[in-house]
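Q: Chains as they are written, first to last, in our numbering: chain P, 931 to 1328; chain L, 931 to 1328; chain R, 5 to 133; chain V, 5 to 133.
These are computed hints drawn from the structure, not numbers from a lab.
Since the structure is predicted, the reported quantities are computational estimates derived from the model, not experimental observations.
C-beta atoms are modelled at their ideal positions from N, C-alpha and C, and glycine is treated no differently.
Fair warning: there could be bad hints in the mix.
Claimed, not checked - With a straight-line cut-off of 30 Å between C-alpha atoms, the simulated DSSO-like cross-links for lysine-lysine are: (1) Lys-61(V) - Lys-1206(L); (2) Lys-82(R) - Lys-14(R); (3) Lys-14(V) - Lys-82(V); (4) Lys-1040(L) - Lys-1040(P); (5) Lys-1040(L) - Lys-1160(P); (6) Lys-1243(P) - Lys-1206(P).
Claimed, not checked - According to the in silico footprint, chain L covers these stretches of chain V (three or more CB under 8 Å from chain L): (7) 52-65; (8) 68-75; (9) 98-104.
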Amino acid sequence: MREVYLDHAATTPVHHEVAALVEEHMLQVYGNPSSLHRFGRRARAAMEEARERVARAIAAEPEEIVFTSGGTESNNLALKGVAIRAGRGHLITTQVEHHAVLHTCEALEKQGFPITYLPVDRYGRVTPEQVAAAITADTVLVSVMMANNEVGTIQPIAAIGAICRERGVLLHTDAVQSFGQLNVDVRSLSVDLLTLSGHKVYGPKGVGALYVRRGVRLAPLMQGGGHERKRRPGTENVPGIVGLGKAAELASRDLPERARHLAAMRDRLTRGIQEKIGDVVLNGHPTERLPNNANLCFRYVEGESVLLALDSKGIGASSGSACTSGALEPSHVLMAMGLPHDLAQGSVRFSVGRQTTAEDIDYVLDVLPPSIGRLRAMSPLYAERVPEAPGACVTEEG
Amino acid sequence: MREVYLDHAATTPVHHEVAALVEEHMLQVYGNPSSLHRFGRRARAAMEEARERVARAIAAEPEEIVFTSGGTESNNLALKGVAIRAGRGHLITTQVEHHAVLHTCEALEKQGFPITYLPVDRYGRVTPEQVAAAITADTVLVSVMMANNEVGTIQPIAAIGAICRERGVLLHTDAVQSFGQLNVDVRSLSVDLLTLSGHKVYGPKGVGALYVRRGVRLAPLMQGGGHERKRRPGTENVPGIVGLGKAAELASRDLPERARHLAAMRDRLTRGIQEKIGDVVLNGHPTERLPNNANLCFRYVEGESVLLALDSKGIGASSGSACTSGALEPSHVLMAMGLPHDLAQGSVRFSVGRQTTAEDIDYVLDVLPPSIGRLRAMSPLYAERVPEAPGACVTEEG
Amino acid sequence: MGESQVYNDKVMEHFFNPRNVGELEEPDGVGRVGNPVCGDIMKMEIKVSDGRIRDIKFMTFGCGAAIATSSIVTELVKGKTIEEAMEVTNHTVAQALGGLPAPKMHCSNLAADALHRAIENYRSRQNRT
Amino acid sequence: MGESQVYNDKVMEHFFNPRNVGELEEPDGVGRVGNPVCGDIMKMEIKVSDGRIRDIKFMTFGCGAAIATSSIVTELVKGKTIEEAMEVTNHTVAQALGGLPAPKMHCSNLAADALHRAIENYRSRQNRT
Ligand SMILES: Cc1ncc(COP(=O)(O)O)c(C=O)c1O
Ligand SMILES: Cc1ncc(COP(=O)(O)O)c(C=O)c1O
Chain P
931 MREVYLDHAA TTPVHHEVAA LVEEHMLQVY GNPSSLHRFG RRARAAMEEA RERVARAIAA
991 EPEEIVFTSG GTESNNLALK GVAIRAGRGH LITTQVEHHA VLHTCEALEK QGFPITYLPV
1051 DRYGRVTPEQ VAAAITADTV LVSVMMANNE VGTIQPIAAI GAICRERGVL LHTDAVQSFG
1111 QLNVDVRSLS VDLLTLSGHK VYGPKGVGAL YVRRGVRLAP LMQGGGHERK RRPGTENVPG
1171 IVGLGKAAEL ASRDLPERAR HLAAMRDRLT RGIQEKIGDV VLNGHPTERL PNNANLCFRY
1231 VEGESVLLAL DSKGIGASSG SACTSGALEP SHVLMAMGLP HDLAQGSVRF SVGRQTTAED
1291 IDYVLDVLPP SIGRLRAMSP LYAERVPEAP GACVTEEG
Chain L
931 MREVYLDHAA TTPVHHEVAA LVEEHMLQVY GNPSSLHRFG RRARAAMEEA RERVARAIAA
991 EPEEIVFTSG GTESNNLALK GVAIRAGRGH LITTQVEHHA VLHTCEALEK QGFPITYLPV
1051 DRYGRVTPEQ VAAAITADTV LVSVMMANNE VGTIQPIAAI GAICRERGVL LHTDAVQSFG
1111 QLNVDVRSLS VDLLTLSGHK VYGPKGVGAL YVRRGVRLAP LMQGGGHERK RRPGTENVPG
1171 IVGLGKAAEL ASRDLPERAR HLAAMRDRLT RGIQEKIGDV VLNGHPTERL PNNANLCFRY
1231 VEGESVLLAL DSKGIGASSG SACTSGALEP SHVLMAMGLP HDLAQGSVRF SVGRQTTAED
1291 IDYVLDVLPP SIGRLRAMSP LYAERVPEAP GACVTEEG
Chain R
5 MGESQVYNDK VMEHFFNPRN VGELEEPDGV GRVGNPVCGD IMKMEIKVSD GRIRDIKFMT
65 FGCGAAIATS SIVTELVKGK TIEEAMEVTN HTVAQALGGL PAPKMHCSNL AADALHRAIE
125 NYRSRQNRT
Chain V
5 MGESQVYNDK VMEHFFNPRN VGELEEPDGV GRVGNPVCGD IMKMEIKVSD GRIRDIKFMT
65 FGCGAAIATS SIVTELVKGK TIEEAMEVTN HTVAQALGGL PAPKMHCSNL AADALHRAIE
125 NYRSRQNRT
């Protein structure tokens, strides 16, 4: 059976050039970068080259890059690192962050750090004014994601960055989804901390980075050896780091071309779906969104049943984030955007990738309409539907 | 130039079977294990098979294995996880633990957890009686490493485990160095928590595991998605985990043969050195030691200069642990064993590996004596030496 | 485990080939339940004669478990007496499907409730006449 | 950077080919320093005539930096007046080697101290006679 992977927001296949480098370093460059001998020095040189590559890709300096085990750790390190180091203080974030930010904030809240969770509009956006209004004399950190992983909505980070600079408050942004899709330039964004994850940009799983602007001090999350300038202990994952470096280089080199391709595939999909299937609503911002993301509600049918139908045809898509797709809670992002609680989980996220082809999309467009038709045919909501009420994702009946 | 890697205690080259599996999973099994579709299910299946392999290798159940980013994280999770969850309580460890345990204890100490650091004898050992005597009504956790990374000394974990069980105290052991060299069986050791790291057993860097006995509850180190049964968030490093699974399987399958080979190579080296070079002292326990470890003091010469000389001949060895070999502090392990502060850094650790050959050893035995001779010829301590005082590593002059 | 599905084969079979989907011309009883947390909505319609369920149809808005449980409950009770049908529980339904994933046990397993509502609705109509 | 060494090439060259290793027959001044933290021990012996260092030898127990700094300091001062030699500092020594790794700057960079001790020893002998 044909298989079509449209869940690149959950994770991406490793680029073959990256995989080759990782394998080479596992077998050949196996030294411990802390070792003084030639085996160690080779490993350190490879790691430092990767650090330069990552830095270059986001317009940072190599010393500003801390390698971690992934996006989750980078987010934890950024938030706890700043808060714990400060000892006390207020944090500001949004209601639509990834759980690695939200749950970290909740943990900090329990430790006595007051947190403001900014609400978003129906497109999932916060405004710089909201951030400005929330900053108090006690605020030590603002954390707003660059683009949302579920609905793809892009936040006005540069404007928020300007405000934070002016008010003397640190700004962290989770750029896990944006990197490789948007231009990520830490200087023009005026951010102090920025999270990257390898596996979302055709790099390896289990490796990420945190950009830490020069002069910003963090308490480490873990204790051990003095690796990564005492900010992250543990023998460095050299092959993974080298893979991340290569993936970052490719991501920034190929950015315009990739973004164009992603948008073209995504638009072919949304347009095709809207033409072939009625009563479909696009979630998230109509234009300020990631090029690879199409988050859709097929009215009158439930999301998981659509995913099962797609899966049976070899198509991988998701409802909300991969992390919660095993759970039953409705997406906190769609809820924050104002979708009704009991229906927020009716969405389906398609996320295209650099290797997605027009044939892949057309296959989905062949397979999806009959599946939706079949599900609608057994839906009591479809049978009882009233003329379409624009804006609402699914019509709730009384 | 011939290159001989004798620093397997710092890290090991990835086994070619492991590297092949990792590469395959990067390219082919790229799904996110949390995704419900076929791509995700394949990844989850691969990960769960790896979990079974790791569990089998240490006689645990799959649900008792938590995958982490390495030994450092596993140690942090074990210690902080138990302590923070308990809220308060006393911890017991030894003065010769890896920094990932010692520095974590220091961090907990600052948070108000009293810690007992047990001293060791001249071979680096603690006794079960010392542990028994240190346990108080407040003790929540004992952490004693299974074997030391610098001098290879093996601790009496099973006996300590029996005491901890009897006294109702949890026992953690850092088995990072032991795994693949000793039989690691969580049941017969009576441990509750046990740390493994991939890169010390011919597996990938950046992946480790923590055995958590069923029923033992931990506070997580990080917040995020509900991965690893809520004990460790973040998209799982599937290729790394699969690599660790394979490495663990190979380690336990090949254990007797590997241990025999390691001991044979190690003994060829120490015997050869002792025959060809006088005034050499073996640090650590004469018999209760890891088969791959030879930690030696070449009297009258300093460790780093020996390493530089070896490195110039293509030989990789280390002084103490890789983590500290860039630093200047003398080894805390040798200090705890009673070596004088200013000379504890005069040691050289050779650690052989599964691919070390007799020719490798013989090459070292050719190259090392003239290097030591050259260094001794310029050593004021050698010029002024007094007849050998047995036991002391280097004769300090007044 | 291999590439195991979230749902077992029997659940998937009922999801892809649900029995007795649709609406009855003139049902003797109609039951409708909705789970406000998951958003699942199920409607069961029954045709009863001589105390037996002669025909049954369902319509469901919901996840795979919701659809499969609806389908199998119709199969379980067709031809049964209404007393027997009242004994069918959500637990029986899950068992008949060979099990459901834990989080689905409480959330999307409402088909027996819908059936019972339909029977109650049938009984209340009987009482009225 | 490629496979850069911990030490630069010049340091390594002095480590592997140290100049003026050994002891003098009848030194005019002997200096000895030891760093209790690193355990480095250096001994410098000088031969002085007409206020100039005519010969100098060292013996060092220590790391690569300790040996290289000892070596270069002997090269720097051989033939110099003792006043000139007194102006050589540990900093001069590190510079002459093209730099040392930061942690080694304070720890294993004692060669100038050993030299100054030797000169002081020479001077004190002069005063005694
Ligand atoms: C926006 C965002 N932040 C953080 C993460 C966590 O990254 P990782 O899975 O590498 O821990 C993800 C993806 O899982 C994400 O989409
Ligand atoms: C005994 C011991 N524990 C813990 C560690 C840390 O493991 P990792 O480097 O995987 O973080 C090491 C090695 O570095 C070790 O030798």
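Q: So which of the earlier hints does this model not fit?
A: 9
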